[in-house]
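Trainee: Listed below are the residues making up each chain.
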Amino acid sequence: MAELTKRYGMVIDLTTCLGCQACSAACSLQNETPYFAGKFRTNVEDIEEGTFPNTTRTFFPHLCMHCEDAPCARVCPTGATYQNADGVVMIDYAKCMGCTACIDACPYGARYVYSKDDVKKAKEVFGPANQHMVPHVDKCNFCYEDRTSQGMQPACASTCPGDARIFGDLNDPNSQVAQLVSSGKAKPLGAQFGTKPKVYYIG
Amino acid sequence: MLDLKLSRRTFLQAAAVTGAGLTILGTAELGKKVANGSAPEATHEWVPNICTMCVNTCGIKVKVRKTGSTTRAVKIDGNPASPYNKGKICARGQAGLRRVYDPQRITTPLLRVEGSKRGEFKFRQATWEEAYNYIGMKLQQEKIMPWEMAASGGWISCAFYRPYLMSFAFAMEIPNILATPMQHCVMSEHFGIDSALGTFNVHDEIVADYDKARYYLAMGANAAVAGVATGRAVRFAEGKRNGMKVVVVDPRLSELGAKADEWLAIKPGTDLAFVLAMMNVILHKELYDEEFVRKHTNLPFLVTTAHGMVMPVMEQGGPMGLPKSFAVYDEISGTVRKVGGFPANQNFADIDGKPIRPALHVPKDLQADGKPVVSLFDVLVQNAAQYTPEWAAKITDIPAATIERIATEFGSTRPALMEPGWHDSRYSNTVQFRKVAALIQGLVGGIDRPGGWVFVGGAREGMHNFVEMLQHQQMPQSPLQLPGLFSPNAALQMRFNNGDAWTHKHPSINEAWNQNEWRNGRPGVGFNLYTDAGYQEALNGRLQYNGQPYNLRAMFMSQTNLVRNFFGWKEILTSPKMKLVVAWEIGPSDTLPYCDVILPDTAYLEKYDPIFEVGMSHDVGLTTRVPSIPAPGQVKHTLDIFFEMAAGFKVDMVKQLAGIYLWDYAKLKASIEKAMQEGKGATYGIQQYQLADWAAKLKTTPEKLLATFKEKGIVEIEKREELMEKMGMPYQLPLSTPSGRYEYYSLFMAGLVQRSGQMTPEANPLMTWVQPQWKSGMKAEDQLTAADEFFLTYGKAPTTSHAATANNDLLVALNLEHEHQRYGVWMNPLRANKLGIKTGDRIKLTNNLSKQETTGVAFVTEMTRPDTLFISAGFGTENPEMKEGYGRGVALSNIFPFRLEPVVGGFKLSETTIKVTKA
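Protein chains in written order, with the working numbering: chain A, 595 to 797; chain B, 233 to 1151.
Excised from the complex, chain A in its bound form (with noise of 0.2 Å):
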């Protein structure tokens, strides 16, 4: 792996999430993705817990993990999965056969298929310059190349109210993201599948 430079992160604070799925919204019109089909890249569980009057309720977003040692890269037969300089776990859309192979890997549920009819329909609700032609296997890329490579927050943290997505560069020491997950506050969710993910959360 070349010498990373930059390694982007994200931490989900479960404390200030209020469910409201702004992150989605703006995930699916930023990526052009086929909510029409019900397929988001991030989505926000809505756990209920307990028995009345001592219910708890709980919101879980959910995204891909950027793993460092991701499996979905690992069994890519065309290499069109790779991890790309910043740490980004990223598709080629050109390359991708649609095996699947990756989603059946991937221990965190992160990917779909943007299938052919999908590709059809975004046509219509996106217009025809979409970016989108083919079909694929999909998933987040932390909006790495419309804002993340150009210095903006992924369309999720920027625009989630409650601040909950706190993006940045795990490298760099004195980043929010750097510093909540060497304190110990954040931490990695499946640490057990061992494939050292980039997405932490508080709560």
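I should point out that these hints are in silico values taken from the structure, not numbers from a laboratory.
Worth double-checking, as some hints may not be accurate.
Said to hold, decoys possible - Result set (DSSO-like, lysine-lysine): computed pairs, CA atoms no more than 27 Å apart in a straight line:
no., chain 1, residue 1, chain 2, residue 2
1, B, Lys-349, B, Lys-809
2, A, Lys-710, B, Lys-349
3, A, Lys-633, B, Lys-295
4, B, Lys-1115, A, Lys-633
5, B, Lys-477, A, Lys-779
6, B, Lys-318, B, Lys-958
7, B, Lys-931, B, Lys-944
8, B, Lys-444, A, Lys-779
9, B, Lys-1115, A, Lys-714
10, B, Lys-951, B, Lys-931
11, B, Lys-626, A, Lys-715
12, A, Lys-717, B, Lys-958
13, B, Lys-882, B, Lys-370
14, A, Lys-717, B, Lys-295
15, A, Lys-714, B, Lys-298
16, B, Lys-1007, B, Lys-931
17, B, Lys-1076, B, Lys-1147
18, B, Lys-354, B, Lys-809
19, A, Lys-715, B, Lys-295
20, B, Lys-1076, B, Lys-375
21, B, Lys-931, A, Lys-781
22, B, Lys-737, B, Lys-958
23, A, Lys-717, B, Lys-298
24, B, Lys-958, B, Lys-906
25, B, Lys-1011, B, Lys-626
26, A, Lys-689, A, Lys-714
27, A, Lys-715, B, Lys-444
28, A, Lys-714, B, Lys-295
Unchecked claim - The calculated label-pair distances, taken between Cβ atoms and stated as ranges, are:
no., chain 1, residue 1, chain 2, residue 2, range
29, B, Arg-987, A, Lys-715, 37 to 43 Å
30, A, Lys-710, B, Gly-300, 25 to 31 Å
31, A, Lys-710, B, Lys-1083, 48 to 54 Å
32, B, Glu-362, A, Lys-714, 36 to 42 Å
33, B, Pro-682, A, Asn-765, 36 to 42 Å
34, B, Lys-626, A, Lys-715, 56 to 62 Å
35, A, Asp-698, B, Ser-1082, 54 to 60 Å
36, B, Ala-1019, A, Lys-710, 49 to 55 Å
37, A, Gln-744, B, Gln-357, 43 to 49 Å
38, A, Lys-715, B, Lys-737, 38 to 44 Å
39, A, Asn-765, B, Gly-1072, 35 to 41 Å
40, A, Glu-642, B, Ala-1019, 36 to 42 Å
None of these values were measured; they are calculated from a predicted model.
Don't be surprised by glycine CBs; every beta carbon is placed ideally from N, CA and C.
Keeping the supplied structure of chain A fixed, place chain B upon it in accordance with the hints.
Mentor: Same frame as chain A, but now just chain B:
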């Protein structure tokens, strides 16, 4: 907690993946070499705008892609320059693109097909000329008089165009304005607070300072924060990060409840008992901010209490007919002293400017003007003594010890913040509930201080200018120059309640109806502003004014969804006596099928707009709109339609507008006429006029000002900190109450009672318990024990609220992620099991009072009380033309009867019980 979620989540994901039914792509795709994002050369720019998916007026930036000759909005972000939403925007705001590009947009004028009936949605395309001619012809043919018309505005008018709707109505001599948010939202939720604070539209005039509070108590108000109001949610989350304790009192576990340290599932309709008991505890334990209470409230005022009626000792003769002075007992001199009325703002100096220290408790047998008097504080303490935590516990189902603890925590933590609320038309005691909540917020001194209820910049400016005007012995020329609650009150007195203000001598339908009610010994609606009180009677020939029938025969509706206001509007609009129904709208609504003429309106990304003050912000600033994308088809701006109609009827709307804002009539007229001649529309002319006007005030050029709007969206004028320091209310400036103080005994409310001649507990100017009338014979402490009988509550989901969000494919997709929770009827498993009901089952709901029926789908959940159903409002779209929203969720308007509470005409929607059976 994290570990727990881990195992559960992993399992869920695995299940989802294996069951996903994935499509293998065709091999034909393999050989294709297509680059990612292979669009032709495109350029992008970000254009600021103001979100109009709900009424929050958040600042946004719209990313526009230009490819060849096509311009398309491709993304919306929050505007970082916005002091309210600070760069954030919710799902509805994001989904604004799908409102603008809704395939069901109305883009040409439509005329109802001859021979069809209202309600059928059979329309044909028409030209603007045809549409306008049809309107003119109908009015002439049917000889419809101005007072027989009503002009109705929805929440977009409420947020942006109130003075314009008024100008149109005044120019046309239409005394009937019907504003659909009034009864549900503005007045029901606000008036109790207004009565103490002097505001008119609380959620526009104060923004609670969540980020600086240490204790936050939210009751019946998911929509105010997590329902979601982005600018408030941003502050709330910051408050959470800063360690603010959050207590949510709500019969169901709302989004806000999910973020609470403590969730108290109160019995629906009994919030008032909870706050009355809090008042009892805070007074009894003396946890109040004594300095604030003595100095800036009317609690030290001396009052007489003959026949159980409280009456402040006061002297008439102040400005605008307000009292000139009040009396207090000075502890230093041991004498009764006079303190000034409005615009005085404090009690630490008497009317001659001599320092005094007004007492809260006054000596026994004190007399003023020869009558025995006590302090209002003494009256309040005595009144509150009956509302013990034990009393409230029986009513609210919350233990007395818990109520006492919450009250004590609230009273002893500074700053403590009571949620001021948002939308509340649920019970006859709503006004008293919000009033007592406001009185508690005053007791802890949380008024216009960090962490409390902080005024928006514009509210201060309004008061500052008004006080200056009074100091120069000038009288206001227009109700709009008056601050807070003075403004609508003057509009009622000068215009709507006053037949003599119109050449045809008819006051509003509301006023004619009120007079009829009062004659018959009924309470009417005290603050009857822009409500639909009397509209049914005016259609059925049952309304009289001056011995003549007062009929309603034509409706002009600007983006308003009346049939969802209450079910009776379907009858009103389909009546053969209704001769003309005109609406302007962006896309189909539930009301549009009931129209004769539909005029296509612009969406927010497509238009120029007047210059507005930055809404809901503690700073003072300006904002406006410039189009980021071209408008489709033949759509026209709401205001352009008003101006064109006014021109068609040969009435001078420009003059009315200039009069309301005190703008230069000749210059405004020239600017509007030029814009209309150039085909840019009247609104563009207004913006041009205002650019010149503001540029002069701000010592810049119109071009530079416009350039700032185009780049940043917002022109900052003054920051919160400076404003709070020099224009604190009531610290430097008075409040817009008749006494200028924070009013525990409301003179406004006393005035309403006096005018109607009817004293109802709902309109009590101090405070009182009001028993909800769920069903006959049911007392507040009674329980619903039959397995199939429930209370019904409703509230907001964060994704779907206003009509703009009702037919949006992205928001529907988000709702489907939580399908039963969003669209379903929440029911606790304790009852559901008894009734044999499971999540997903169709159930029938019958209103036990009105016998109205509707059906829904059950969502069995531990997140609601066993005796309480919950339904998300904003769903239940009934017009099949709304292809995305149609048939999802429950139309609450179908199950609620038309009943008005007597203070503001609130609908008391939840004041009933519901019988549930399997459908």
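Trainee: Now look at each hint and say whether the structure bears it out.
Mentor: Each hint, compared with the structure:
no., hint, verdict
1, B:Lys-349 - B:Lys-809, "13 Å, holds"
2, A:Lys-710 - B:Lys-349, "43 Å, violated"
3, A:Lys-633 - B:Lys-295, "23 Å, holds"
4, B:Lys-1115 - A:Lys-633, "20 Å, holds"
5, B:Lys-477 - A:Lys-779, "21 Å, holds"
6, B:Lys-318 - B:Lys-958, "24 Å, holds"
7, B:Lys-931 - B:Lys-944, "19 Å, holds"
8, B:Lys-444 - A:Lys-779, "24 Å, holds"
9, B:Lys-1115 - A:Lys-714, "20 Å, holds"
10, B:Lys-951 - B:Lys-931, "18 Å, holds"
11, B:Lys-626 - A:Lys-715, "57 Å, violated"
12, A:Lys-717 - B:Lys-958, "55 Å, violated"
13, B:Lys-882 - B:Lys-370, "16 Å, holds"
14, A:Lys-717 - B:Lys-295, "18 Å, holds"
15, A:Lys-714 - B:Lys-298, "22 Å, holds"
16, B:Lys-1007 - B:Lys-931, "63 Å, violated"
17, B:Lys-1076 - B:Lys-1147, "8 Å, holds"
18, B:Lys-354 - B:Lys-809, "20 Å, holds"
19, A:Lys-715 - B:Lys-295, "22 Å, holds"
20, B:Lys-1076 - B:Lys-375, "46 Å, violated"
21, B:Lys-931 - A:Lys-781, "54 Å, violated"
22, B:Lys-737 - B:Lys-958, "45 Å, violated"
23, A:Lys-717 - B:Lys-298, "16 Å, holds"
24, B:Lys-958 - B:Lys-906, "41 Å, violated"
25, B:Lys-1011 - B:Lys-626, "11 Å, holds"
26, A:Lys-689 - A:Lys-714, "19 Å, holds"
27, A:Lys-715 - B:Lys-444, "47 Å, violated"
28, A:Lys-714 - B:Lys-295, "23 Å, holds"
29, B:Arg-987 - A:Lys-715: 37 to 43 Å, "60 Å, violated"
30, A:Lys-710 - B:Gly-300: 25 to 31 Å, "27 Å, holds"
31, A:Lys-710 - B:Lys-1083: 48 to 54 Å, "52 Å, holds"
32, B:Glu-362 - A:Lys-714: 36 to 42 Å, "38 Å, holds"
33, B:Pro-682 - A:Asn-765: 36 to 42 Å, "38 Å, holds"
34, B:Lys-626 - A:Lys-715: 56 to 62 Å, "57 Å, holds"
35, A:Asp-698 - B:Ser-1082: 54 to 60 Å, "55 Å, holds"
36, B:Ala-1019 - A:Lys-710: 49 to 55 Å, "51 Å, holds"
37, A:Gln-744 - B:Gln-357: 43 to 49 Å, "44 Å, holds"
38, A:Lys-715 - B:Lys-737: 38 to 44 Å, "60 Å, violated"
39, A:Asn-765 - B:Gly-1072: 35 to 41 Å, "48 Å, violated"
40, A:Glu-642 - B:Ala-1019: 36 to 42 Å, "22 Å, violated"
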